[in-house]
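With the hints as your guide, set chains A, B and P onto chain U.
Number of protein chains: 4
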Amino acid sequence: MAGNTFGQLFRISTFGESHGIAIGVILDGCPAGLPIDLDFIQSELDKRKPGQSKITTQRKESDTVQILSGTFEGKSTGTPIAMLIPNEDQRSKDYGHNVDVYRPSHADYVYDAKYGIRDHRGGGRSSARETAARVAAGAVAKLLLKHHGIDIFAHVTAVGKINAPNLESGNIAELLALREANIVRCADPATANEMIEFIDGVRKDGDTVGGKVSCVIKGCPAGLGEPVFDKLHADLGKAMLSINAVHGFEYGSGFEGTELRGSEHNDSPIPNPSAKGQSFLTITNHAGGILGGISNGMDITFKVGFKPVATIMHNQQTINAAGEASEIKGKGRHDPCVVPRAVVIVEAMAALVLADHLLRNKSSKL
Amino acid sequence: MAGNTFGQLFRISTFGESHGIAIGVILDGCPAGLPIDLDFIQSELDKRKPGQSKITTQRKESDTVQILSGTFEGKSTGTPIAMLIPNEDQRSKDYGHNVDVYRPSHADYVYDAKYGIRDHRGGGRSSARETAARVAAGAVAKLLLKHHGIDIFAHVTAVGKINAPNLESGNIAELLALREANIVRCADPATANEMIEFIDGVRKDGDTVGGKVSCVIKGCPAGLGEPVFDKLHADLGKAMLSINAVHGFEYGSGFEGTELRGSEHNDSPIPNPSAKGQSFLTITNHAGGILGGISNGMDITFKVGFKPVATIMHNQQTINAAGEASEIKGKGRHDPCVVPRAVVIVEAMAALVLADHLLRNKSSKL
Amino acid sequence: MAGNTFGQLFRISTFGESHGIAIGVILDGCPAGLPIDLDFIQSELDKRKPGQSKITTQRKESDTVQILSGTFEGKSTGTPIAMLIPNEDQRSKDYGHNVDVYRPSHADYVYDAKYGIRDHRGGGRSSARETAARVAAGAVAKLLLKHHGIDIFAHVTAVGKINAPNLESGNIAELLALREANIVRCADPATANEMIEFIDGVRKDGDTVGGKVSCVIKGCPAGLGEPVFDKLHADLGKAMLSINAVHGFEYGSGFEGTELRGSEHNDSPIPNPSAKGQSFLTITNHAGGILGGISNGMDITFKVGFKPVATIMHNQQTINAAGEASEIKGKGRHDPCVVPRAVVIVEAMAALVLADHLLRNKSSKL
Amino acid sequence: MAGNTFGQLFRISTFGESHGIAIGVILDGCPAGLPIDLDFIQSELDKRKPGQSKITTQRKESDTVQILSGTFEGKSTGTPIAMLIPNEDQRSKDYGHNVDVYRPSHADYVYDAKYGIRDHRGGGRSSARETAARVAAGAVAKLLLKHHGIDIFAHVTAVGKINAPNLESGNIAELLALREANIVRCADPATANEMIEFIDGVRKDGDTVGGKVSCVIKGCPAGLGEPVFDKLHADLGKAMLSINAVHGFEYGSGFEGTELRGSEHNDSPIPNPSAKGQSFLTITNHAGGILGGISNGMDITFKVGFKPVATIMHNQQTINAAGEASEIKGKGRHDPCVVPRAVVIVEAMAALVLADHLLRNKSSKL
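Chains as they are written, first to last, in this note's numbering: chain U, 9 to 374; chain A, 9 to 374; chain B, 9 to 374; chain P, 9 to 374.
Excised from the complex, chain U in its bound form (with noise of 0.2 Å):
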């Protein structure tokens, strides 16, 4: 109950600090017989690992997994798949600011006032490093659904005030060879540049912003999710929830929906003209794909908030541990933005839902 799994069939329970010897995942409940292509499950690392533009963090993580169990001659076996990867450019000594000085709109005093004890080193398990573990498992997990025949898409839609129009009816394929065709990982190349001028501009401010990231999810048949506190959004939700600095979650018609009225935002089933793909087609998909908490066989669409990285380079007034007013001055290696970054976390955490609810289907009916 101490909540570092996540994931009732395929699930995964994760391990590690900031700046520990390693972080790591299990996830156990893969179904056996899936090839495991490690060149793939490192390529979703890299997109998230830091280092890797001039807007992430400078810290230098190869972030190379390596698996210690779980599969056999390429496959998977059945049992649970470990996997680890190594701490490398821990630089501890950046931190020595936080031992009795609380950051302001960090997790420190709060993990003071829970454990009594801290590793205050990175912010120790507080760090967004944990979801390297996440990312490796979620690559399995788009493995087993991509053998199923479903998608996930997401990609940067906001920075601060700029916002990206609306892609997700695009090709999936066609939308990921944009997205990784620039450093932010936005599909729309025009938005893409405007929001990379403007983070760099923050970066040299010595500050953070926020933004937005949304997700697609193609492919997905009718029947995943359960009725009640399992709805499949309820799931997404708390998958991204989960994110560190994420602040909301909206899926479907999301909060705009909310002002319309029911003859506007009711979705109109129409007969189906091809039976193949989709078995159910509405005109309007306000319902992001899900009904009653179950997918109903359209896109299923949701959008994540990301709040600015509280790590700043400039001098806040704060407390100490003695409750003492104190002042705190930004060091250590941080993101002027972690969107592009998230992208492939929040992807990673709707891949593990989506196959957990694809396995949680299988006894629906006899």
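Treat the hints with care, as some may be off.
If chains are identical, the list can't say which one is meant, so a pair holds when it fits in one copy or spans any two.
Capping the alpha-carbon separation at 27 Å, the derived lysine-lysine pairs in BS3-like fashion look like this [claimed, not checked]:
1) 55 to 169
2) 68 to 154
3) 370 to 154
4) 68 to 337
5) 154 to 373
6) 83 to 154
7) 370 to 169
Hints listed in this document are in silico derivations from the structure and should not be mistaken for laboratory results.
Same frame as chain U, but now just chains A, B and P:
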């Protein structure tokens, strides 16, 4: 894994269909010795029950709750508390029209796809009637929280495009009195009147409209929530997204916060003039009382967005179970806007999450 | 975590006290489309119900079960099946004697120690009355198993030092007829008579006696059970040990097998003359149908030991709640020997374990 | 649900195959602030490791454990403790013989049936090598229990038909010294010699033999265990039955107790002369320290039966993967009798169960 259970240590399992014999809940894990105030539980159900005003559904249910187990001489015994709410006013014949026709933006189609069988009467398990069971259990959670000095308050802050001012810094008893003084459950009287008038017009149009509910939790000690997947706001988000019609969740600065810079968004801690009550004090509260997934002792704030109810009194295009074009006209008794009745559901789910994490936190340290 | 739930995918949660309003169960995870035969469920409860013969307790309960949810037109819908069994013959006044005095070998003291409060009437939650809820849910599990060709049979194989011959290789329908032809539920008529006479004598002495129940499961396919912690026999063991009064569990060769050499104990596989029915065939079956925690397709066999009932009609030394020496005399209505009524509880728990692993195994491979 | 996780609040997840790169464990839920004595953990592993005497397998593994996360400056931090044990002496070529042939009484066949793929090297995941990970985690559980005054002691009480006297009333430190003074780990020196001589003879015959391990837990407070499904002895039983080769579990009076009358079996409580240490005192302890599934403060006692190891150095009849008759000769390096090495596994699993229930009990009352 069929997902009718919520919570880990303070755990509920609900059952029942809209037009079955009864709905109910087992609450397992309530600590022994808690006085169980049946009148309070009933009063919470009364706030959710149908037929309470002109802007709610006209279905008549007394929603009288009976406790079947788990209490002795007025106190919890540590064994499961089962509660039963009989269904009284099932007009199942009203639902003959959706046996073979899929209502737009309802779960009819996905239940058929998932289960191959569907209790079509009133939406069966997909009906929001299930939430009465949550409110009953949530009332017990509130009693436990109150014992620990934690209070929860939610109210309607938007109906369509009508927005209420932010009142979360106020006194909960006063806000509650203001909220319960009007039928839309908005604590700002002027906005409440505007909302009521608007909903009544929408109802006369045979239409529906969405809205938002905002919630604040006061008196929560620092340390609740688990740091990785079971972050306090991730569990709150899942809880809210599991409520019928919810399409979005945000906490603290929410989606608006994603547009800010770190230097604007960071909450600076300041020395706490009074050790009483709060152990942590920040000038602003963009964090919404939660850092790194763990409560910091400040007010916890979040907002929930509800789409418009799908049942409208208009003719709508749809398909039947054979996949052919069909037409459907709204029947049955439904709400023109769910938020007035959803307020107590939001509070109940929040209470369940907090109670669970209160118990989970007991094992954080030696 | 209060432990009133059993199973993962086919999951039950029970509630209710011996002398409360009702006991009951929510069964979550039953696949949709299963015909739910209420008469069969009731007939299973009738085998467990009190007052059925001179060698069982004289408490009179019809144990009439009502299904509250989860079925539609006679079939399961995939939503939770709630079942309720009202308590009818509570003579709570019989239990005034144990309000402040701890009955020897009963749970009175530990409930006070654990909870600080105790529903003393009839033992409250610690009463074996709770097992009626298990039998109701187990009956549904049996229906699911029967649909998949799996049959379960248990009978009494020991009362005190009287032992029955091993009959597990027989035909289940015939064994069942033999078992139900006598009130002690032993399929060997001669031993049954001896057991009945013995129990009746013990009863007249105001005393009680223990016994054993043996169980065989036929038609189970290979592959059920998970290889490490959730071995099929480990889950069967936990299920049996969770039944009131059980002090021991063994499967296959059991404790006797520990005295053998490997060369005697190993079961040699032989070519299977008929592919029908069984895919694996060994000359002996010391494995009890389970290898490495996973069913191998042979008969699954295990044995359960029940201690004598603690309530006797003798004067006994004990202590009171103040820790002082006290005396207690047996009152209330109790069984001189539980095994005749426990047979169907053993079968129910075995059915729940098998049904759970049947569903879990659906995710083993692609 | 693939079952590689054990425990609820104090929870382990293990991974790794016999001849893979490493085995390991994530321990989640250890309270923060516990001193983690790595030397103690290693010393526990040394008691389980292969090659330690002439009566154990000759596979050579140092079983050196490395802690990857979850500790800081020698103490637990409340985050997951990951431990890694590299495999060093994998002679996978020894296992070429079981690629296509099913070894009698091994799990080869069922893995193929369940997963359709099998890591045949050394039995893969079905090997008892996995238990090293349990011992590492169990050592941490022991440290937590010792902090709360709870001690666990197990020793070998039967090898084949050679039985040791009951010593459980003794002092644990003295029993431990006696046990560790001989290679069979029986605390009675005379019986130990007899057992060693017998096992050595069995080994020379190329054969194997089963045995029993008895365990006593001292200092456990009253109140641990949950009253219905998660009875303390039910969880102990499952834990023991999940250990490789275990075929039986009994606690307190066990199977022998089933032959007694209630008047013989009941344990009469007596006033406790000293409030110190034990809060409950009975003349006899047929209950094995557990009433109604909850610890009563007396010594907790149980016994575990291990079947003989399946690998023998004899020619054996079997079948191959095509279902045809085949012959196999034992190869590989195996134990003639597992109980000497199993003693510390039994203790580890008992410690994990107790630690889990210690944390769970924190929520029993207000």
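So which of those numbered hints doesn't the model satisfy? 2 and 7
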